[in-house]
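Read off the chains here:
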Amino acid sequence: MAVTEEYEAVTGAWGVGRVVVDGVITPWPVSEADIEGDIEGAVPQLASLGIAEGGLVLIVSLLSHAAQVFPFEQAAGRLGALYSSSDRSPFDAYRCASLIRQLRPTVVMGIDHRVLDGLEEAGRDLAEVFGPVPAVAAVDHDAHARLQAAGIPARWWLALGPTSAVQPLDDDALRYDAARWWVEVDDAEGDLVITDLTARLTPCARFRTGVRGTVPEPGRLILA
Amino acid sequence: MGDPTRRMFAPEIEAMPRSAIEQLRDEKLLGDIIPWAYERSGLIRETWDAAGITPKDVQSMDDFAEKVPFIDKDAIRSYRDRHNDPYGGLLCIDPADPATRGVFSAIFSTSGTTGDPTPVPYAGRGPSMLVREFWELGTRPGDHFMHCLFTFRGPGVHETIRGIGATPVFVDHQPEDIATLLRFSRELRPTGWYTLSGPLVMMIEHTAAATGADPAEDLASYKGVIFAGEPIGPRARAKVEGWGLELFIQTSLGDVGAATECAEHDGCHFWEDCAYVESLDPLGTDAVGDGERGELVSTTLIDKIAPLIRYRSDDLVRVTHEPCACGRTHGRSWPLGRKGDEIVVNGVSVLPGDVWPAIENVDETSAALFQIVRTGREMDALQLRVGYASEGPKGLADLRTRVADSVAAAIGFAPDIELVENDVLLRQGPPHKIPRVTKG
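Protein chains in written order, with the numbering used here: chain C, 1 to 224; chain S, 1001 to 1440.
Any given hint could turn out to be false.
To be verified - Using 20 Å as the maximum straight-line C-alpha spacing, the simulated SDA-like pairs for lysine to any residue come out as follows:
| no. | chain 1 | residue 1 | chain 2 | residue 2 |
| --- | --- | --- | --- | --- |
| 1 | S | Lys1433 | C | Leu103 |
| 2 | S | Lys1073 | C | Leu103 |
| 3 | S | Lys1433 | C | Phe91 |
| 4 | S | Lys1339 | S | Ser1349 |
| 5 | S | Lys1394 | S | Ser1366 |
| 6 | S | Lys1223 | S | Thr1005 |
| 7 | S | Lys1339 | S | Gly1440 |
| 8 | S | Lys1394 | S | Ala1381 |
| 9 | S | Lys1067 | S | Pro1282 |
| 10 | S | Lys1223 | S | Arg1140 |
| 11 | S | Lys1073 | C | Ser98 |
| 12 | S | Lys1433 | S | Pro1335 |
| 13 | S | Lys1056 | S | Tyr1038 |
| 14 | S | Lys1439 | S | Ala1381 |
| 15 | S | Lys1339 | S | Val1373 |
| 16 | S | Lys1439 | C | Ala122 |
| 17 | S | Lys1073 | C | Gln102 |
| 18 | S | Lys1028 | S | Ile1093 |
Source of the hints: derived by calculation from the structure; they are not laboratory data.
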């Protein structure tokens, strides 16, 4: 059944994303093969937050995060779930709250302090907005703490260089895709550094992530 | 992908004879969309049943014009509230049906400028019709393309950029990302850009002033830029053209798509293989002629996920079906404003576009962030809420007088002016536009 008109897409470079560490922006081209691998890695991460057949994840992000976010959008489909989107900004916080109310998502991921600022400036109670959501994942310490203070058992979705780590519902540690990434602690700085284990359009060798933590075993990390 | 030197992306469609356009429209609309939607869309079924018609009553375009009832945003919201259906009765497939997996993949939302954002089911199947517009900008396979938007419209645009063989460069439509937009433009040399908006022009000006950047130098690689969200005022246009950018204006097609200028800049092309566009008496149901002011009423010819049929957009337009000098044969529209935005002050009609240039002309309010404060369609005085970047050399009272004088010179009478900082109005966005009319 053809439901919309379409043209044949070309293959090749998927897009130019970015990696941001301590405010320094590095353009980060990714290939379609990179994206396909990242989708495979995102499927168990999303499932660990409770997304399953018939579920819906609301992803709060910015377009500049597309290379890291698109794999999660596609992973939702592979799990038989839907996704929706709102911008990670105080101005778009009303959309985040509205979509939670209208669509009743299973998971909301990507909340930062600016989104919470926007909600609180609009007089919204965080417990009322996020309370009905089974899993809410924050992306910074401030948002994580404010959600916890509001009685929301916040999880983590943490940028880790070109990839990201997710805290499952049943683990204190965060999970990353150990089949494609090697994460270790830089002895000199105490930061986590990341290296790719598969060939990628933009090579990544001991890239400093700006995240401090420990790696008890491949695939699991604990924030400092 | 074909010959990269050709003018049109899909010339066999974009320049097809009018008789073929109309035959295709009839086949899609009467033979496919109408029976599909009536069978599956709760809102369409309810609306048609109330009008006492079925698809069997619509055998021709004359039948369509005479019998098919209208829907609008209020009807969708009403259905949503009455049936507790976030899709407003438009969804034509069952999300729980495994057969639809991969077809219905996501839920995006309207901008929410006039109320709660409306969820929009997304088919998620590759590039959209915007390939034709992106090609017209001059972008070709192998180029970089600046994708500067927001997330709530989904991945269709970056799939469309790849659909012409270009590589998207992702930048946020946010003040915080302007320096990166200028940097990536300088370093990656994109040839196309989707989208630029009034607030973004203001942000680029501010960033350039604060950092010493030269937008003309940083943006020199672009062959074309799509400007969308709201109309552009003459001052902002002059500023952008001074940076060396060629603007291609894009306007909404009543939530069934978009219409965009070609390089002739003589109206915005709407694709008649994708949408059936009517221009009707804004206060009635009769069609108005080509070139006359009417309300845009749109019907999808391709969306079978959540089809809109005879959707009254509230947009005032002028339409022509005459071929364009570019060789394209599809219709063109010129946006004139929003029907609901019009007020009448002591018998004089005022739309936001009537005061826009006057507000732009004052340096401190040159971003043209303003709202008409509306207490009803007919009012005794024009009340304007106007955003300012700085108070100016003589303070707010002097600024208020200068803005009032500028507006009075444009429309013939003085308005009441309330001044607020630009940020107060920008917060009412989505990032690419603000509500131009607010309730008093």
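Hints versus structure:
no. : hint                     : in the structure
1   : S:Lys1433 with C:Leu103  : 25 Å, violated
2   : S:Lys1073 with C:Leu103  : 19 Å, holds
3   : S:Lys1433 with C:Phe91   : 12 Å, holds
4   : S:Lys1339 with S:Ser1349 : 11 Å, holds
5   : S:Lys1394 with S:Ser1366 : 17 Å, holds
6   : S:Lys1223 with S:Thr1005 : 14 Å, holds
7   : S:Lys1339 with S:Gly1440 : 18 Å, holds
8   : S:Lys1394 with S:Ala1381 : 26 Å, violated
9   : S:Lys1067 with S:Pro1282 : 18 Å, holds
10  : S:Lys1223 with S:Arg1140 : 10 Å, holds
11  : S:Lys1073 with C:Ser98   : 17 Å, holds
12  : S:Lys1433 with S:Pro1335 : 15 Å, holds
13  : S:Lys1056 with S:Tyr1038 : 11 Å, holds
14  : S:Lys1439 with S:Ala1381 : 14 Å, holds
15  : S:Lys1339 with S:Val1373 : 15 Å, holds
16  : S:Lys1439 with C:Ala122  : 18 Å, holds
17  : S:Lys1073 with C:Gln102  : 16 Å, holds
18  : S:Lys1028 with S:Ile1093 : 19 Å, holds
Hint violations for this structure: numbers 1, 8, all remaining hints satisfied.
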